[in-house]
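Engineer: Sequence:
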Amino acid sequence: MNYAFNSLNNLDPLYIQIFTLFMMIEYQNVTISYWKWVVIKNLTAKIDGKVFIIGKNGSGKTTLIKATVGLLPYKGSIRIDGKEVREIKNYLGLSTNLGEVYNLGYGINNILDIYSEEMNVDKGLFSELLKEVDLDIDLKSPLFKLSTGQSLLLRNILAFSAKPRIILLDEPFENIDPARRSIVAEWIKKFGKEGIITTHNLDILSKFPDYKLYVLSDSSLYGPITVKDFLEASVIEGESEDAILILRVSGKKVSLVKGKEGMKIGLLGTIDRLYGV
0 MNYAFNSLNN LDPLYIQIFT LFMMIEYQNV TISYWKWVVI KNLTAKIDGK
50 VFIIGKNGSG KTTLIKATVG LLPYKGSIRI DGKEVREIKN YLGLSTNLGE
100 VYNLGYGINN ILDIYSEEMN VDKGLFSELL KEVDLDIDLK SPLFKLSTGQ
150 SLLLRNILAF SAKPRIILLD EPFENIDPAR RSIVAEWIKK FGKEGIITTH
200 NLDILSKFPD YKLYVLSDSS LYGPITVKDF LEASVIEGES EDAILILRVS
250 GKKVSLVKGK EGMKIGLLGT IDRLYGV
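Sequence positions in the sequence shown follow numbering that gives the first Met the number 0 and run 0 to 276.
Hints listed in this document are in silico derivations from the structure and should not be mistaken for laboratory results.
Wrong hints could be hidden among the right ones.
[Stated by the list, open to error] Below, simulated DMTMM-like cross-link-like pairs (lysine to aspartate or glutamate); rule was C-alpha separation at most 20 Å, straight line:
1) Lys40 with Glu25
2) Lys227 with Asp271
3) Lys257 with Glu240
4) Lys252 with Asp217
5) Lys192 with Asp80
[Stated by the list, open to error] With beta-carbon atoms standing in for the labels, derived distance ranges:
6) Ser239 with Lys88: 39 to 49 Å
7) Pro72 with Ile243: 29 to 39 Å
8) Gly123 with Gly237: 48 to 58 Å
9) Gly258 with Leu124: 39 to 49 Å
10) Ser239 with Leu138: 52 to 62 Å
11) Pro72 with Gly98: 15 to 25 Å
Note that CB positions come from ideal geometry on N, CA and C, so glycine has one too.
Work the whole structure out from these sequences, hints included.
Structural biologist: Listed below in structure tokens is the structure:
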């Protein structure tokens, strides 16, 4: 079954209010495992608006995105606009940059043709975004022949070219030069009404001070707090009564606090360094 959402501008205000109640991603007691290794454990959260999920490499960020788009099995419930992900066959309001979605073995132009039919990718917008980042590639070549950075940038462009209402972006800034990172950041602000952006790089977050942020650590999700509060906070060991967020890192509890005490989050550069506290 296809799910497509048209403009709400001409709808009855009461209908819009009711409809908006379901415009979210909801996780209820979600557990995701690889064999006996539990990656995500009993995660419960309601995501409305566009939020960042940060965590070190291997923390489960990609796993969570894959489960949310239906690429991995999970226990519990993941709902998009009130619909269980397991039951959704094709969802036209959602777009992602995951490699598994686009690595079809065809030339890039063939992938573009397929997704313009299946996911409403706008070819004109695709060309505009391609020029905006000055990505000079042969559209006849397969995606796997691109460099790591080029491939990610192209998948970002494909995701945004669908003009999605919900975006699920996994590490969209990785292996991309600073100038193009800034352009991708502007695209994130421009496209989509809600969604999840994962990253372990903290430097780029300063461009999104008012966005909500969650920390994925030790199989659990902590938050939300604003990006601004997160970057201005310091981290100390143990539980503090003044903490704006308490989380478990490598089996021990740490607190994020305001003030000069502890290690300043905004100076870490990458979330991986938090694990050296």
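Engineer: The structure should be examined with respect to each hint, and the outcome stated for every one.
Structural biologist: A quick look at each hint next to the structure:
1. As the CA atoms of Lys40 and Glu25 are separated by approximately 15 Å, the hinted pair is consistent with the 20 Å bound.
2. Proposed proximity of Lys227 and Asp271 is supported: the alpha carbons are some 19 Å apart, at most 20 Å.
3. This hinted pair checks out: Lys257 and Glu240 have alpha carbons roughly 11 Å apart, not beyond 20 Å.
4. With a C-alpha separation of about 10 Å, the suggested pair Lys252 and Asp217 falls inside the 20 Å cut-off, and the hint holds.
5. Of the pairs offered as hints, the one joining Lys192 and Asp80 holds, with about 12 Å between alpha carbons and a cut-off of 20 Å not exceeded.
6. For Ser239 and Lys88, the hinted distance range of 39 to 49 Å is satisfied, since their beta carbons lie about 47 Å from each other.
7. Checked against the hint of 29 to 39 Å, the pair Pro72 and Ile243 passes, with Cβ atoms roughly 35 Å apart.
8. Evaluation of the 48 to 58 Å hint for Gly123 and Gly237 yields a pass: the beta carbon distance comes to about 55 Å.
9. Between Gly258 and Leu124, the C-beta spacing of about 45 Å keeps the proposed range 39 to 49 Å intact.
10. Look at Ser239 against Leu138: about 54 Å separates their beta carbons, and that is inside 52 to 62 Å.
11. Between Pro72 and Gly98 the beta carbon distance is about 19 Å. The supplied range of 15 to 25 Å therefore holds.
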